[in-house]
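*Asks:* With the sequences and hints as input, model every part of the structure.
Just so you know, the protein sequences line up as chains A and B, in that order. Using the numbering used here, the letters of the first sequence correspond one by one to residues 1 to 302. Using the numbering used here, the letters of the second sequence correspond one by one to residues 1 to 461.
Certain hints may be false.
To be verified - Facing chain A, from chain B, some residues (calculated, C-beta under 10 Å): (1) 12; (2) 118; (3) 128; (4) 255; (5) 257; (6) 360; (7) 398; (8) 427; (9) 431; (10) 435.
Claimed, not checked - Cut-off 20 Å, straight-line C-alpha distance, at most; resulting in silico cross-link-like pairs (SDA-like, lysine to any residue): (11) A:141 / B:131; (12) A:141 / B:314; (13) A:141 / B:344; (14) A:141 / B:129; (15) A:141 / B:93; (16) A:141 / B:351.
Simulated from the structure, these hints should not be mistaken for lab results. As the structure is a prediction and not an experimental result, all values here were calculated from the model. Beta carbons: idealized from backbone N, C-alpha and C, even for Gly.
Next come the chains, spelled out residue by residue.
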Amino acid sequence: MISTLQLSDLVLNALETSDTSEQNALTQLTSGRRVNSDSDDPAAAAQEVNISSQMNDCDQYLRSITSLTSELQTADSSLNSVVTALQQAISLGTEGANGTLSQQNCTTIAQQIKGIAQQVFSVANLSYNGTYVFGGTETTKPPYVLDNSVAGGVSYQGNDDVNSVEVAQGESVAVNQPGSQLFSSPAANVFVALDNLTTALESNSSTDDIGDAVTQLRSAYDQLTSARTFYGSTVDQIVGTQVFLDSESLQLASQQNSTVGIDMDVAVTDLTNAEESRAATVQAASSLNGTSLMDYLANMER
Amino acid sequence: MGGLTGSMWIALNALQAQQVGMETSANNVANLNTPGYSREVPVLQEADPFVQGNLVVGGGVEVEGIQSLRDSLLDLQISEETQQQGNSQAFVNAMNQVQTLFPDDTTGIGQQISAFFQSLNSLSTDPSDTTLRQGVLTAAQNMATAFNDTAGQLTDIRQQLDSQVQQQVQQVNQITQQIAGINAQLTNVGSSTQEYGAFLDQRSALIQQLSGLIDVSQLSDGPSLTLTTKQGTALVVGGQSYALSTALGTDGVQHIYSSQDQDITGEISGGQLGGTLAARDQTIPSLQTQLDSLAGGMVTALNYAQSQGTDMYGNSGKDLSNLFEPITGTGAAADMALAISDPNLIAASSDVDPSQGSNGNLANFSAVANADVSNGMTPSGAYGNLVFQVGTAVSNQSSELGASNAMLTQLTQQQSSVSGVSLDQEASSLLLYQQAYQASAQVITTINQMLETVLNMGAGS
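*Replies:* This is the structure:
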């Protein structure tokens, strides 16, 4: 025999069940996530910790790359201006060495080369965001200072060290070239070469001496241009890494979506089902009322 | 006895019997919505026949008693399942709070660990920049705060559970006392009375409540009912109840003692008390230990990384400050704190000569992200593992809870079909009793007329 309470319990239970599924579906739809607490899918939640940490890492790498790229490009274009200036110095020196110029003209050329030396000196002390770019890892003081006690009149107070920055998981790149590689390598010092050329031109030396000074400058120029390629190739490398990270980010986002994201079709179907089942239960419950034999008894007595 | 007066007697008894039937039906209808009420039926039987000369004549009907319809096996099953349900429910309630402390995405410890390592990467692009250095300290502070908060809230939740244990023990004692009281009453009333059934109904409802609180074993029935925990600690023996007590243990939480002062904390496995104790004494302490191990492991590894470098002032080796206050073991997560507030004290440089722009040592810091810091796991791996454990604990018990709920619904339906009141049934019973009553009354009227006839026999002459 089915008791009267049993029927109302059945209705209540059915309503509760459909309410719970409706609530679940709604939570999923509003949050856009299938996993709204760890217990919804513990394995997916743990995976999500990992994925979201990797996504954050990717974003950080991309930010670092943006800031590095701009620093490296600034260094590269500044060095480009030095290259141009040195080319000009070499052609001026070559002119001085062919012996056809008057002393007056030689002195003028020497003045021009001094100007170039000043330009190189200022680029060698380039600072970016308050840190000196060409001092190795000694970035808080100017790498080059005027110093008449040394050859060339300029001494290097930076170091030979290189910083590396991680730009992707397991991928580090060197981010600076010390001035001792670019401007003041012992074998090919730009400042010494420029100073020697100036002296040779000013002191009315033989064309051979001027020629030697030009040769010296040319080798310093070669050293600079070869060391400078570091900047271009590093920029190329990290731009490549950037492209990789962009696609990695997309990949991770899609992985995240498939791990904890909502399956729209399923959630909408769940919601519709829950709503329909609720409506059906209410319908059935309303038709339950007034059907007991007691009502018949009451009617009979009238 | 015989003759007309005998028949009159039979009819009167019949009237009474039908009246009792009407009364039980009325009582059933009245208790339609009473929780724990079992449907009652009058137990009618033939009265002893009487002998009239050579004849044996039926003695009519008599009411032997009123019986409550219940299935004690179902009651037992419901009690068992209620223990399981109470256990799961209490555990899930407790761990649902814990679960919010271990989010898997944009907040919490995992996020702060990740942000800390990102701040190090930022610093590596410009290691002498004060803003970036300050960024590392801020991120480190946020990470420490996240550990502090989570550890603090775990402790809070554990304390809440501790006071719940006390309340639940009090409830258990109240209920066992009531059950013992009912047992005593049952001894005083006869087993065939309506009161007896009513007391059984009350007791059965109380046993169900008790099962929701603690694991219960039920021995014998009737007035001598004995209730113990699953491990045999007496709760009720007949009319006597045995109260449990609580007292603060050396481990800082309430322990539960039997009436014989035995510590039974570890024995309780069912009901809300079982679930609360499981969360308080097993799951949460295990999470605390792992959280401490993660915090201690990170502090040790990061301090070691710090010790390998040179700070902005040129300090290296033993002249360096720790990054975090050195802590390990119990309480590490709660006590995690920065040891420095000057960003220049971060030993980012790997150059021994005090060059301030080197980032060589930051790689040692960053390497901690991929190092074994806690039980063979990386920081993010260890946190992920915590998320997994909390999630699994809640999810397993939620499934158990779902199963228990379904089972209980099923059992309650079954019980309801045995003991529940059906208005249809009562209506038809009422009709039957009514008709039998009317018929008996008619018999009395007829006998009355016959008696008058007999009395008037002499008067007419």
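*Asks:* Broken hints, numbered, in rising order?
*Replies:* 1, 4, 5, 10 and 15
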